[in-house]
Amino acid sequence: MSSVAPTTQEKPKKGKMGETILSVKNLKKHFPITAGFILQREVGAVKAVDGVSFDVKRGETLGLVGESGCGKSTTGRTILQLYRPTAGTVEFEGRDLTTLKGNDLRQMRKEMQIIFQDPFASLNPRMTVGSIVSEPLQIHGLYPNKSERQEYVEALLERVGLNPYFINRYPHEFSGGQRQRIGIARALALRPSFIVADEPISALDVSIQAQVVNLMEELQEELGLTYLFIAHDLSMVRHICDRVAVMYLGKIVELGSTREVYDNPLHPYTQALLSAVPEPDPSKEANRRRLIIKGDLPSPANPPAGCNFSTRCPVSFDLCYQDPDPELIEHSPGHWAACHRVAY
Amino acid sequence: MGVLMEVKDLVVRFYTQEGTVYAVNGVSYTLNEGETLGVVGESGSGKSVHALAIMGLIPQPPGKIESGEVKFEGRDLLKLDKEQMRLVRGKEIAMIFQDPMTSLNPVLTIGTQITEALKLHLGMNNTQARRRAAELLDLVGIPDAMNRLDDYPHQFSGGMRQRVMIAMGLSCNPKLLIADEPTTALDVTIQAQILELVKQLKEEFNMAMIWITHDLGVVAGLADNIQVMYAGKVVERGPTKEVFADTRSAYTLGLLRSLPRLDGSNAKLIQIEGSPPDMRIPPKGDPFAPRNPYATDRCWVDAPVLKPVEGGHPDHLVAAWYDLRAALEAEKEAANV
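Quick note, the sequences are listed as chains G and S, same order.
Numbers 1 to 344, taken from the working numbering, label the letters of the first sequence in order.
Numbers 345 to 681, taken from the working numbering, label the letters of the second sequence in order.
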């Protein structure tokens, strides 16, 4: 396999595998709800992310799973400072991103990139593939020499499995899977160490999903990348992630190694989530007892008192309905859960 | 169990500005009373278009049903006129769609929308229809049903809207319910609720069901028979257990191998190379041949027909020139040597 591109700008590999690259502490992102037309006053807040803390180690893939509206995408975007957090800190390679702005922040962006869910909406339809992938290079003043830049972009395209001959084509000429490859090439252009992958495969056809996931795994191995993999497909998360954090209504309810969380889920929400995944195996499906949770996700603008999950929880008891809500507690080394039932 | 519906050599094309789209290229099958058939395929496989053709919902033009028969209880639905078809749709055959947000009318209360079919097909008066509508909502698990009849679709969550759609589908006791990816837009916990509900209602109403999906997991626990479609054709069909355990089509196998498993048993995902064909180019030979590692020379020139598999279940059919079972055994032997 060819490694990405010319060696002209080869960066010395920073840091050791396994050290903490990203440390998120008590991160909150509340979106204001306003009323009134001219004098808008704030009448409430959607607590999309409400006190999330976790570490990511260099070279690992941390999965962030949960249902729509649980705040997983907002968490990813707030980490990258695409949304400014309401509270909390995001330490990336030892620097607190929440205090950075302007050029300082832009410099940090070289190290952290994002792959978006929708390969149709996230590529500018009026730009050629070449200009999409080389735009980050121009912004950061890398490869000022045009022919060198083109050479680098061609190498990138080839690495993600696209014919470099297509460099002057437009996004609409590509299929969904190919577009996602363009998005990956763009994210890789600055040789980041950390990538937020926000549901990178959920818009793709089943037969294409495995292609993109395999590519992401290869690139991780080759380039020592660290991924925050945001997804709702629990089977895929088990496949690609080393550790997983389960989110519910803006909070992490369980965090641990993928094997631990999947084989021995502690939180009733995780248990319900896992039992709800249909498996492509008729004999397993026939003998399966599903743990069906009732009702829908409460509104993050008006979360229930006490534990967020108490309104749907099959095993809740009086303590669960009282404030404060349960804290994330380490129950076995590296395996955390926020549940009164587990704690007592 | 008697035969409920017989689809014979259905061909549907769309004549668009960008060229002719060969959407469905000869689909034939029979559906028994009370059977649940899972139709599996990716986008562009013709799985939804074939269902719309059965329902008489293909917009013509640009669409055109080139040939075929859909015999439903002996009558050819494709030969019915609009008025006759209206009496079939909703009464004999009901359909629920993927997106409950767009398939409900946002400016009518759900009570109005459910009672419409009851009044039209069953001749109920307003009071009767409302009572029945409330019963139906109750049946699909919507709390406080009588009062919610006067609510608008936006006052329901996604999962609740899909329940409303199911209630509408069931309202006239149809003999066949066609569900086109009804849980794809929903979260897994809500999907599990809906699947459980559908299984239970199917027993109660004793109806046949066609469940269209791209998710092999969903149909594994639901369907009696599976029909896998690719490029507007059926590539494999058979009892659910057989299709999963004794897979004979390279496409079905490719799908199964590329899926990660919840227990982590699938360490490396084996991807299907390439991408689905452009349906504007009339398929020649086996449409899966360019992506098929087991393709033989004949696959490239000759279109295979669906026929019973060798040494398998008598109802298990595959359209393939290659012998997948032999190829896999040879592979295994080569690995052992």
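Since the hints were made in silico from the structure, they are not lab data.
We put the CB at the ideal spot given by N, CA and C, even for glycine.
Be careful, since some hints might not be right.
Stated by the list, open to error - Partial pick of chain G residues on the chain S-facing surface, computed with a CB cut under 10 Å: (1) Ser68; (2) Thr89; (3) Asn168; (4) Gln209; (5) Ile240; (6) Ser283; (7) Leu319; (8) Glu327; (9) Leu328.
Now the hints, each set against the structure:
For G:Ser68, the suggested interface contact is upheld, since its CB lies about 6 Å from the closest CB of chain S, less than 10 Å. For G:Thr89, the interface hint is violated, the least distance from its beta-carbon to any beta-carbon of chain S being 30 Å, above 10 Å. Taking 10 Å as the C-beta contact cut-off toward chain S, the hint placing G:Asn168 at the interface is violated, the least distance being around 21 Å. About 7 Å separates the beta-carbon of G:Gln209 from the nearest beta-carbon of chain S, less than 10 Å, and the hint is met.
With 10 Å as the threshold, the beta carbon of G:Ile240 comes within range of chain S, its nearest partner Cβ sitting at about 8 Å, so the hint holds. About 7 Å separates the beta-carbon of G:Ser283 from the nearest beta-carbon of chain S, less than 10 Å, and the hint is met. With a least beta-carbon distance of about 23 Å to chain S, the hint placing G:Leu319 at the interface is violated under the 10 Å criterion. Contact between G:Glu327 and chain S, as hinted, is not supported at the beta carbon level, the nearest pair being about 24 Å apart and thus beyond 10 Å.
Annotation: interface hint on G:Leu328 violated; nearest CB of chain S at approximately 21 Å, more than 10 Å.
Violated hints, in rising order: 2, 3, 7, 8 and 9; the structure is consistent with all others.
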